[in-house]
Amino acid sequence: MREEIFWPSLKNFIFWGMAVVAAAVIILVFVFTERNTVKIRREAQESMDSMKEEQKRQAQVIEDEMRRKDDLIAYLAHDLKTPLTSVIGYLSLLDEAPDMPGEQRGKYLHTALSKAERLEGLINEFFDITRYNLQKMPLEKRRVNLCSLLVQVTEELYPILEKHGNRVENEVDEEEYIYADPEKMARVFNNLLKNGAAYSDRDTPIKIWTRRKGEEIAIIFENTGVTIPGEKLEMIFDKFFRLDEARGGESGGSGLGLAIAKEIVSQHGGSIAAHSQERTTRFEVRLPAWC
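Numbering (my numbering), first residue to last: 105 to 395.
A couple of the hints might just be wrong.
Stated by the list, open to error - With beta-carbon atoms standing in for the labels, derived distance ranges:
no., residue 1, residue 2, range
1, Arg271, Ser154, 49 to 55 Å
2, Arg271, Leu184, 30 to 36 Å
3, Glu338, Lys317, 31 to 37 Å
4, Ser154, Phe231, 53 to 59 Å
5, Asn228, Pro392, 23 to 29 Å
6, Phe231, Glu388, 24 to 30 Å
7, Met339, Gly373, 20 to 26 Å
8, Thr215, Asp307, 23 to 29 Å
9, Gly334, Met155, 57 to 63 Å
It is worth saying that the hints were derived from the structure and are not from the lab. Ideal Cβ positions, reconstructed from N, Cα and C, are used throughout, including at glycine.
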């Protein structure tokens, strides 16, 4: 009799025990699955939010670049029109007055030629930045005497430097060499010196010196003038950014010189940076040194 009572009770106990265990397992699986589902949903939402932010950032970058391109077109239209109008004006005066005194005629011819050269320079810079941007230019690297190259560029810019009352203090060692394409690096140094002359105080020097950093050489150009604000320093090498927003006088070039310099230096495996504080501005070019 006891066995007849005992076994049904044991069976019931085992059954309900297994039912409880199964229910517990199901609950645990449900809880674990729910947690994973919440986690997956949260991660998916975070990923979507991140993608949306990245899309917004990319859209803003594109919008900014399109705005700068529009600005560039407007600036170029202005810069090309101004010297062209002057050239036509002076040549028209010469054409209409064949008996003009020789001294005045020479003055008008000189002005027209100067404006025509400025026009040519603007067009060349526009084509240069397009060429450097759209394709990787072939480099003819070799051992280049840095001091000699800087002396050559300085001599070519003598009229501009003299006009601004600037002089170049070249403190580069005569035995310092770089591994570079001399023609393209001359373009970089040309742009940096012209920039220094355009934005420095009159009768102040533009200093150039170097320092070694491992297998690199840092070439520093320093001038004294207006301090460049930090927010502009971050954009000064952008292809469509102009530092001189007033675009006044002789300092208002095409605004492409520093962008061209950055492209050339980058193709050499180097870097270029700008620093400005307390009326002193420095441009630092880092290039592979000839060891």
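What are the numbers of the hints the structure violates, in ascending order? Hints 3, 4, 9 are the ones this structure does not satisfy, whereas the remaining hints hold.
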